[in-house]
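Below are the chains, spelled out letter by letter.
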Amino acid sequence: MAEAEQIKPRTLPYVSAIAEGVRTVMQEQPDAFVAGEDVAGAGGVYGYYTGILQEFGPERVYDTPISEEGIVGLGVGAAATGCRPIIDLMFMDFLGECMDEVANQLAKMRYMFGGAATLPVTMLTMAGAGASLAAQHSQSLEAWICHLPGLKVCMPITPYDAKGMIIAAARDDNPVIVVLNKMSLAVQGEVPEESYTVPLGEANVVRPGSNYTIIAFGRMLTEALKAADKLKELGVDAEVIDPRTLQPFDTATVVNSVKKTHRAMIVHEAVRFGGFGGEIAAQIQEEAFDYLDAPVARVGAPFSPVPFSPALEQHYVPNADRIVEEAKKQLGL
Amino acid sequence: MSEEISNDTLLDLHRRMVRIRRFEETAGKMMEDGKIPGALHLYVGEEAVASGVMAHLSNDDQITSTHRGHGHLIAKGGEFDRMFAELFGRETGYCKGKGGSMHISNMELGMLGANGIVGGGPPIAMGAGFSNKFRKTNNVACCFFGDGASNEGSFHEAANMAALYKLPVVFVCENNGYGEYTPQANHQAIVDVADRAPGYGMPGVIVDGMDVIAVYEAAGEAIARARAGEGPTLLECKTYRYYDHVGVRGMGLNYRTDEEVEEWQKKDPIDQFEARLAEQGILSAGDAGKVHDETLAEIEAAIKFAEDSPYPDPSAITEDVYA
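Protein chains in written order, with the working numbering: chain V, 854 to 1186; chain C, 583 to 905.
Everything labelled a hint here was simulated from the structure, so no lab data went into it. Note that beta-carbon positions come from the ideal geometry of N, C-alpha and C, so glycine has one too. Accuracy of the hints is not assured; some may be wrong.
What the hints assert, rightly or not - Computed footprint of chain C on chain V; a stretch qualifies when at least three of its residues, placed anywhere within it, have a C-beta under 8 Å from a C-beta of chain C:
hint, region
1, 922-936
2, 950-958
Unchecked claim - If you want the footprint, here are the derived chain C segments under chain V, 3+ residues with CB under 8 Å:
hint, region
3, 677-689
4, 694-700
5, 705-714
6, 733-747
7, 896-904
Start from the sequences and build out the full structure, keeping to the hints where you can.
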C-alpha cells in the first residue's frame, strides 16, 4: 500500500506547501522559532502557520505585537546571538514600517562588523495585487530589497519551490527574504513529503523554447506560460524562465537562453519603471548584446499605486494578453 | 551601600573610566588634527555610565551601543590597538576597517555594535534578550541609548516587546540633555525618560550618571532582576557630554553655554571618584596618576600598532557581504 501511494505524486496547494516548509525547518532546526503578527494563535492571516503552535509549542512560536520594526529587530538580535529565526512580515507593504531594521541593520551588520556577525534570518512576506486590497496591501516591492547588499531575495511561485526555498532559506547563513504571492495560495502542485531544497540562485527553465525568451517571476510566471501557448500560434516558440531567486540572480541561465533565442522579454507584477526588470535587461545587453535581434521588452504595472476597484485592478496587473500584445509589438508581428 | 563594594571593584570602576577618558581625549584630538577620517562622537563626561553597567557583565552578556560607542566597547573589554586600527581604517581593526567609529563592535566581547542610526540598538538588544531566554542562558542584554533615541519608534517597539516577553534586557538611557544639538526641553515634554517605563510595564529608575557608584548599584539591581527572569528595567542615568555632538569643538554651533559645560565639569565622574577613593584611603592621588600614565602608554603603543597596520586591500570591498 505504501508503495502504491509513493508512486502517485502528491499534490498540495501553495499555502500548504509554505506551511510544510516552515514545519520542516522547525523539525530540522532546534534553534529555529517563528515570530510574527497573528502567527501563533490564529495560524497566520493566510493560514500558512496553521498547526505550528500546536506542534511546536509556545516556546517556539510567538505572536508579536503589531510592531514590524520590533519583529525584524527580534530577528536580527536573536540571529546574531545563536538563533535561526523565522520572522513573518504579514504584507510586503509593511516594509515601510521596518525598513531601517531591514536595510540598515539586517542587511549590513555582517559587513559593518568585518564579517564577524552571522545573521541566519528567514523572513516570509506576502506580496501581490489582485484581491482588491488597494494600494497598501498589494505591492510587489522586491526591487527595494534587491538593491540592498547583504540580503538574499527569492520569489517562489509553485508549491514545490515554496517548500524547497523556505527550507533552503532557513539553512542559509544569510538573511533571506522569501516573497510569497497571496493570489496563488490555492494553486496546486506536486510537493514531495520529504525534506528537500530548491537552491537559492538557480533559475528554472519552466518551458523550453527556441526563438524567444520570457523571464517572468512571481505570479507572472503563470501568465507568461499562458502567453507562450498563444505565441506558439504566431510561430513564436517561447522559452519561459522563472529566476525564482532575484538576489543572487542567475544571470547565466538567462543569458544562455537569450544567446539561443536572440529575443527577450521580462515580465513582473511590480511597477515597470525602476523595477527589477530593468536590471535583468541591463545584464542581458551587457552579456549578450551581439546576440540580440530586438530590444529587450519589459512588461510591468503602470506607474501608479495599486488601485482598489476590480475594474481598475484587472487592467493594472499584467496578464497573458498584455504579454502577447507587447511581444507582437517587439517582434513586429 | 558603597562599603559593600570590594576595593577591587572600586579600582576596576576607576580604571574603566580612566581608560575611556584618555582614549576619547586622544581620539578627539587626532580627529581634529585630521589624523582620523570621518566623524567621531565622543563619550567624555559620560564614563560613569558605561563603567558602572559593564562591571556587572561577562563576555556572554550582550550590549548594543550608540553612535557614541567607544566608551561602551572600552568598558566591555575592547582593546585599544584594535580600536585605533578601526578608527584609522586599517585591516587589523575590530571590523577590518569596514565599520569605523559608528559601527565598532566585537562579537566575542558581546558588543553588538555601535550604531549610526539613533534608536538602532533597542530592537537588536531586545532580540538578543529574546535569544538569551530562548536558549535558556543566564545572560542579559543591555541597551544603551540616549534621550534623543527615546523618541524613536524603535525604542517604543523594543521596550514593549521586552516587557511583554519578560526578556532579560536592561534599557540604559544616557540622558545627556541633548538630542544632537537640540536640548531635551525642545524634543520631549518630559524631564525624566524613566517616566515612560510604567507605560511599558517595567520599572523606571533614575540615577546620577556622574556618580559611578550610583550607576553601579542601580545597574546591579536591574541586571540581577533581568537574570532572575523578572524582565526589563529602564535605568535612566543623568549625564552630560563635555564635547560637541561630533568631535571635540565640533561645528561650533551656538546651542549651549560654556557656563553650562563648566557646571557639569564640576561634577566630573573621574575627579569625584578619585577624591572619594583618596579620602577612603583606597587609591592615592599618586596611584591614580599611575593609572592615567599606564593608560596613556598603552594608547601610545596602540596608535603605533594601528599606524603600522596595513590598509585593507581594495579586493576586500566586496568581501563579508555574505556568509
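Hints, verified against the model:
Taking a C-beta to C-beta cut-off of 8 Å, the region 922-936 of chain V contributes 14 residues in contact with chain C, enough for the three needed, and the coverage statement holds. Only residues whose beta carbon comes within less than 8 Å of a beta carbon in chain C count, and the region 950-958 of chain V has 4; three or more means the coverage holds. Counting residues of the region 677-689 of chain C whose beta-carbon sits less than 8 Å from any beta-carbon of chain V gives 9, enough to reach three: the coverage restraint holds. Closer than 8 Å: that is the beta-carbon criterion, and the region 694-700 of chain C has 5 residues meeting it against chain V, so the requirement of 3 holds.
Only when three residues or more bring their CB closer than 8 Å to a CB of chain V does the claim for the region 705-714 of chain C stand; here the count is 10, and the claim holds. Beta-carbon proximity to chain V at under 8 Å applies to 8 residues in the region 733-747 of chain C; the threshold of 3 is reached and the given coverage holds. Counting residues of the region 896-904 of chain C whose beta carbon lies closer than 8 Å to any beta carbon of chain V gives 4, which reaches the threshold of three, so the coverage claim holds.
Violation of the numbered hints given earlier is absent; every hint is satisfied by the structure.
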